[in-house]
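There are 2 protein chains.
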Amino acid sequence: VPIPTIKFYLREGLLPPGELTAPNQADYGDEHVHRLRLVRVMLEVGRLPLAAVRDVLAAVADEAVPLHDLLAVAHRALALRTVSDAPPDATAVREIDLLLRDLDWEVASESPARREVAVALAALRRLGWKVDAETLRPYALAADALAGREVEYVGATASRAESVERLVVGTVVFESVLAAFRRLAEERHSALRYTRAAGNLH
Amino acid sequence: VPIPTIKFYLREGLLPPGELTAPNQADYGDEHVHRLRLVRVMLEVGRLPLAAVRDVLAAVADEAVPLHDLLAVAHRALALRTVSDAPPDATAVREIDLLLRDLDWEVASESPARREVAVALAALRRLGWKVDAETLRPYALAADALAGREVEYVGATASRAESVERLVVGTVVFESVLAAFRRLAEERHSALRYTRAAGNLH
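One line per chain: the protein sequences are A and B, in this order. Residue numbers for the first sequence follow the numbering used here, beginning at 1 and rising by one. Residue numbers for the second sequence follow the numbering used here, beginning at 203 and rising by one.
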């Protein structure tokens with residue numbers, strides 16, 4: 001990591017200062033290096049805004065924050081990047097409520113992702129797509145299988161610090177992994193269907 | 203949609219001008235309205251940068267662009283928003299190549315999503331996570347099942363214009379739908395595991 005980047009993170013409060021060893025020299029230990037990597041994952045892989053990274057780090061540092069609330073902080077940070085600020089359509093919101101109830105998913109009514117799905121559903125309808133909650137169900141079920149493993153992995157460690165990191169890093173990084181694999185899979189299915197020379201793409 | 207927003211889209215070249223009916227009045231037909239909705243989906247749901255929306259619209263308008271290439275244009279637009287500009291780690295890139303070969307997925311070597319997965323894998327390793335291509339495989343398989351349906355839906359119409367729209371809108375909107383459901387599913391599994399009062403969250 002270039003020095004100006006580290007100085008920038010220090011100025012932005014994303015990294016604690018190192019131990020001064022001389023007026024113009026500071027020493028950074030293993031913990032600093034790890035924190036630096038955590039910051040970079042959130043910025044470079046998660047593409048979170050700086051303020052969102054600060055919020056997540058503050059929640060990570062506060063041992064009084066329960067894991068479930070920490071997940072909400074990480075989700076709010078991710079939502080800043082992607083969730084529409086368009087007003088949700090009341091019919092679509094109701095349909096998503098019903099789908100979530102039918103799936104028997106317990107999620108808070110204020111979760112931004114709930115609104116995001118409703119906004120997507122309403123936007124598709126305005127474009128004339130014949131979609132309803134059933135169109136969305138396969139996405140919910142695929143996501144559920146992955147999320148079940150993730151939460152299990154978060155809990156499969158004795159140390160709170162490790163659980164916290166698994167939770168924050170996992171939710172941020174695997175969101176981008178899943179989106180990237182979906183694009184790759186779309187590309188491969190499209191190649192199979194639309195290109196004659198699919199065998200020559202390597 | 204507020205008038206200043208429409209004027210902004212016109213200035214930015216995202217909407218063609220309406221038919222002038224008076225010096226200060228223009229008439230917009232059904233096609234304009236539909237185009238406006240398309241632009242809004244890409245901006246509001248897809249959160250694409252303006253320049254990316256312009257690129258996608260130009261490719262949509264050009265009937266010489268094959269569907270498979272149009273998908274690449276849409277993916278590049280999505281990648282602008284999320285793909286890291288960090289240099290990919292050569293070992294991770296090689297592992298993803300091997301995974302894709304093992305999955306028998308034909309994807310172009312320059313696809314940005316390929317790099318995105320490698321960047322994520324390398325970042326997790328630097329944080330000390332014991333991950334390899336096998337950790338990623340469930341994400342690839344889940345994405346593959348969804349993408350297979352999507353490409354089938356794109357092809358299940360006789361009109362090229364309709365296929366084009368299904369392709370562009372589908373890849374953009376369902377990326378956000380999938381990410382949103384994953385967050386909701388994480389929340390529900392976390393509630394089951396970490397909150398005592400999971401039954402009171404409604």
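In case anyone wonders, no lab produced these hints; they're calculated from the structure. Among the hints, erroneous ones may be present.
[Said to hold, decoys possible] Cross-link-like lysine to any residue pairs, in silico, SDA-like; alpha carbons within 25 Å at most:
1) A/7 to A/17
2) B/209 to A/126
3) B/332 to A/130
4) B/209 to B/274
5) B/209 to A/17
6) B/332 to A/22
7) A/130 to B/235
8) B/332 to A/32
9) A/130 to B/362
Cross-check of the supplied hints:
Our distance criterion of 25 Å between C-alpha atoms is met by residue 7 of chain A and residue 17 of chain A, whose separation comes to about 10 Å. Using a Cα cut-off of 25 Å, the hinted pair residue 209 of chain B and residue 126 of chain A holds, with the two alpha carbons roughly 21 Å apart. For a cut-off of 25 Å, the pair hint linking residue 332 of chain B to residue 130 of chain A is broken: about 43 Å separates their Cα positions. Note on residue 209 of chain B and residue 274 of chain B: the hinted pairing is violated, with a Cα-Cα distance of about 29 Å set against a maximum of 25 Å.
About 48 Å separates the Cα atoms of residue 209 of chain B and residue 17 of chain A, which puts this hinted pair outside 25 Å; it is violated. Of the supplied pair hints, the one linking residue 332 of chain B and residue 22 of chain A is violated, its CA atoms being roughly 37 Å apart against a limit of 25 Å. Among the hinted pairs, residue 130 of chain A with residue 235 of chain B is consistent with the structure: their alpha-carbon atoms are about 18 Å apart, no more than 25 Å. Restraint check: the Cα-Cα separation between residue 332 of chain B and residue 32 of chain A comes to about 20 Å, which is no more than 25 Å; the hinted pair holds.
For the given pair, residue 130 of chain A sits about 18 Å from residue 362 of chain B by alpha-carbon distance, which is consistent with the 25 Å threshold.
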